[in-house]
Amino acid sequence: MKFKDHIRSGIGFGLTSSIITTIGLMVGLFSGTNLRIAVIGGVITIAIVDALSDAFAMHISQESTGGESTRDIWASTFSTLGAKFFFAIIFLIPVLLLDLQTAIIVSIIFGLLLIAVFSFWIAKSQNENPVKVVAEHLFIAIVVLILAYFAGVWIASVFG
343 MKFKDHIRSG IGFGLTSSII TTIGLMVGLF SGTNLRIAVI GGVITIAIVD ALSDAFAMHI
403 SQESTGGEST RDIWASTFST LGAKFFFAII FLIPVLLLDL QTAIIVSIIF GLLLIAVFSF
463 WIAKSQNENP VKVVAEHLFI AIVVLILAYF AGVWIASVFG
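For the sequence shown, this note's numbering begins at 343 and goes up steadily by one.
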């Protein structure tokens with residue numbers, strides 16, 4: 343794999359993981375608490391902790407395969423870290439500017455749009471059917487969001 347492929351891999355992983363994790367957490371916290379402070383705290387925590395942990399995991403994963411240069415491993419690590427942090431923290435914008443329910447809806451739409459655009463780009467770059475790839479990725483993302491919603495509802499009913 344070339345150096346730029348390591349960067350692209352880290353960005354792709356970071357973008358997808360941070361979007362799904364962040365909006366999933368936001369939906370779960372919203373459905374469970376309906377508290378802006380909980381959602382803000384969750385997003386900031388995810389942006390920092392999840393970005394660092396996934397970058398570290400990417401680093402170890404790259405080391406474990408062998409054959410990669412130290413430079414390539416660090417390229418994957420830092421591109422994962424940057425993408426995870428950036429694509430998580432941008433979801434604070436609607437939460438800070440809009441009422442919470444609207445912010446959650448806007449975040450879901452924005453997150454799914456980003457995943458769709460990235461999935462389309464992946465499909466085109468690999469000469470695959472974009473409709474199939476985008477539909478598959480959006481389906482998985484929507485299932486995660488539905489599960490996050492019901493997890494939040496369940497948590498609120500059991501512990502609230």
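Worth flagging that the hints you see were computed from the coordinates, not collected in a lab.
All values derive from a computational prediction rather than experimental measurement.
Keep in mind that a hint or two might mislead.
[Stated by the list, open to error] Pairs of lysine-lysine residues, derived as DSBU-like cross-links and limited to a Cα-Cα distance of at most 35 Å, are as follows:
| # | residue 1 | residue 2 |
| --- | --- | --- |
| 1 | 344 | 466 |
| 2 | 346 | 474 |
| 3 | 474 | 344 |
| 4 | 466 | 346 |
#### Entry: Hints violated by the structure (numbers, ascending)
The structure conflicts with no hint, since it agrees with every one listed earlier.
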